[in-house]
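Just so you know, the sequences run in chain order Y and E. Okay, so the first sequence: first residue is 52 according to the numbering used here, each after it adds one. Okay, so the second sequence: first residue is 52 according to the numbering used here, each after it adds one.
Derived from the structure by calculation, the hints contain no laboratory data. Don't take each hint at face value.
The list makes no distinction among identical chains, and a pair is therefore deemed to hold if it is satisfied within one copy or across any two copies.
In silico SDA-like links for lysine to any residue, alpha-carbon gap of 20 angstroms or less [to be verified]:
hint, residue 1, residue 2
1, LYS114, SER76
2, LYS69, ALA117
3, LYS80, ASP59
4, LYS81, LEU103
5, LYS69, SER119
Spelled out from the first residue to the last, the chains are:
Protein chains: 2
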Amino acid sequence: MLTRTAADLGAVIRDRRKRLKLDQSTLAKKVGVSRQWLIEVEHGHPRAELGLILRVLDALGIKLDADSNPSAGRGVPKTAVDLDAIVAKAKKGKP
Amino acid sequence: MLTRTAADLGAVIRDRRKRLKLDQSTLAKKVGVSRQWLIEVEHGHPRAELGLILRVLDALGIKLDADSNPSAGRGVPKTAVDLDAIVAKAKKGKP
DNA sequence: TCCGAATGTCAGCGTTCGCTTACATTATCA
DNA sequence: TGATAATGTAAGCGAACGCTGACATTCGGA
């Protein structure tokens, strides 16, 4: 699933946890966080620590893929422009 | 790229930023964070806020994909077990 | 070589985290 | 229906966040 917000990530986590038939207490203990924290994260807490989030994803076997090249898919070929060229031109044109 | 740690994510961010020919100040302003923060994140700060991280990824056009079903690929078919069955049996066997 | 820009570091400050503990509220099943 | 587990909420506390501002250090081009 594509995740753009903390709520998205929280949903993924909760989903996976339930699919694995784990309760919050068990998962929290397994990961090394408080149950309290897990609750807030599953609800989409945006200020949670990155590291703890990553630990949870790992514990649940969720792979996180950061795709730096969005145009790779068969979607709209957005990045048909040459950023380098644009920047270079901008530098020259506006001294 | 597969990211399991904050350092991984930091590397992806820095990479993408440079590829886009942006300096830290510019990106920071664009995202709405301090340059200070960006520096720490690019260095792999694990306690950064999830929400801010997501904002940066978004601003850089980096898509985050959370794959809840790792066994989908052609890797080791780990989850050949029926968790439901196991749990059910455990409940019966230990009243 | 030298100068400016980009990057990294430091200190201080108000805010918020994540933790613990205890108590509601809501499933879930015999 | 009633009991037990699972989930959600609240308050209080030490620690760390992210910010501002100023100052090193390194990089890149003339």
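Right, here's what the structure says about each hint:
1. LYS114 with SER76: neither (22 angstroms within a copy, 31 angstroms between copies)
2. LYS69 with ALA117: between (25 angstroms within a copy, 16 angstroms between copies)
3. LYS80 with ASP59: Classified as neither: same-chain Cα gap 23 angstroms, cross-chain 25 angstroms, threshold 20 angstroms.
4. LYS81 with LEU103: Within one copy only: 12 angstroms inside, 26 angstroms across.
5. LYS69 with SER119: between (30 angstroms within a copy, 12 angstroms between copies)
In summary, the structure is inconsistent with hints 1, 3 from the numbered list given earlier, while agreeing with the others.
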